[in-house]
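Enquirer: Chains A and B, in that order, give the protein sequences.
Each residue of the first sequence is one higher than the one before, counting from 174 in this note's numbering.
Each residue of the second sequence is one higher than the one before, counting from 3 in this note's numbering.
Honestly, the hints are just simulated from the structure, not real lab data.
Remember, it's a predicted structure, so these values are computed and weren't measured experimentally.
Just so you know, even glycine gets a beta-carbon here, dropped at the ideal spot from N, CA and C.
Wrong hints could be hidden among the right ones.
Stretch by stretch, here's where chain B covers chain A in the computed footprint (C-beta under 8 Å, at least three residues) [unchecked claim]: (1) 209 to 218; (2) 293 to 301; (3) 310 to 324; (4) 365 to 379.
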Amino acid sequence: MAGKENTGVGGYIEHHLQNNVLELVPGNPFWNVHIDSVIYSLIAGGLFLWFFRRVAKKATAGVPSRTQNFIEMIVGFVNDQVVDSFKGKSKLVAPLALTIFMWVWLMNFMDLLPVDLLPAIGQKAGIEYMKIVPTTDLNITFGLAIGVMILVFYYSIVVKTPLGYLKELFTHPFASKNALAQIAVAPFNLLLNIVETLAKPISLALRLFGNLYSGELIFLLIAVFTLDMALSQLVTTISGPIMATVQFILTFMWLVFHILIITLQAYIFMMLSLVYLNMAHEVHDDH
Amino acid sequence: MNLNVTILIQILAFFAVVWLTMKYIWPHILGAMEEREKKIANGLAAGDRAEKELNQAKAKVDTLIVEAKEQASHIKDQATQMATKIKEQAKNDALAEKERQFSAAKAEIEQEANRAKEALRQQVSALAIAGTEQLLGKEVDANKHADLLDDLIKEI
């Protein structure tokens, strides 16, 4: 599957990790769009919306169908997490948690497809580069994390009032009844709060990205076993069948393990978003 | 791996999907779940209530049966008493009637006997007078000898 200029193992892997770039403004890298990430992300989001909407339209309080039962299981699970972790009152947070969980999971799920399947089809259709797992693109994970952070800021300001939020930045986590001491620790408080606020989206985005990127990389490394091997070599050479068997076993094991990882990462992203949003709703008036 | 405008597209898409979920998916599914939960809770409560009511009804039926039995035996007792009383009454009535008829018959017999005696006495006095007249050969003035006659009649 290596491109013309990319040959060998390094080239194969590099090629696979290359996004398909659409240059909106030629020469300005900021206006590049990773069109493959965007399309697969939207497909995953659309799939989620379509499937859940189909059930929501026919949702009945009577005996549920199998599909409704399955969807209710997911919704009930997410709702339990929201009720446990989020103490504020908001109509947005629970649907947000469901969206994050299902969307991230579906995007992660692309990782379980054979690494060469869709890129090979794309290449037949003349698309040179195609990265099919949106969550292995930092832009996508940061997009989600920043979306959550916008809501964190929004709720911080709405719940605590702009002045209250500003005050909290200077008076937490270190607080003192002594006015002088309070002024003295204010800069440290601000510094700590800035670091904490910055750490939130970065930890959200990098954790998801890192897990999925490394997972994809390992799938690619396993795929290298039979790289550039012709089908006939699988039966005519001695190493062919052995390599193919080893690759199959390793891929299978990593795949099974990865089912856990993609679910866990989707869950963690959802839970951390809930925790951050809950923190935004907490009013500290005990100091 | 460079960051670019893809982030902005993803942020916009994120808000769009969250908004659609909030508007068109979440309330319907969770609403159905909560409604079903309520229905089940109501059903269970109704079952409990029905059971309780059944037990109450059973207890009520039991007391009613006991009461009815008591009442029945009471009525039976009363009836027996009444029957005894009526029998007694009838017996007494019959005895009284018998007594009355008996004494009436006795009185009549006595009356008859007296009347017969009287008649006999009359006849005897008449005979005595007739005999005396025969003996004396003359008429006896019944009025003159009334005292004598009376004594005679009494003696007979």
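Enquirer: Against chain B, does the stretch 310 to 324 of chain A show at least 3 residues with beta-carbon separation below 8 Å?
Expert: holds (count 10)
Enquirer: If you look at each residue in the stretch 365 to 379 of chain A, do at least three have a Cβ nearer than 8 Å to any Cβ of chain B?
Expert: violated (count 0)
Enquirer: Under a C-beta cut-off of less than 8 Å, do 3 or more residues of the stretch 209 to 218 of chain A approach chain B closely enough to confirm the stated coverage?
Expert: holds (count 5)
Enquirer: With a cut-off of 8 Å between beta carbons, are at least three residues of the stretch 293 to 301 of chain A near chain B?
Expert: Since 0 is below three, the answer is violated.
Against the hints set out earlier in the document, violations occur for numbers 2, 4.
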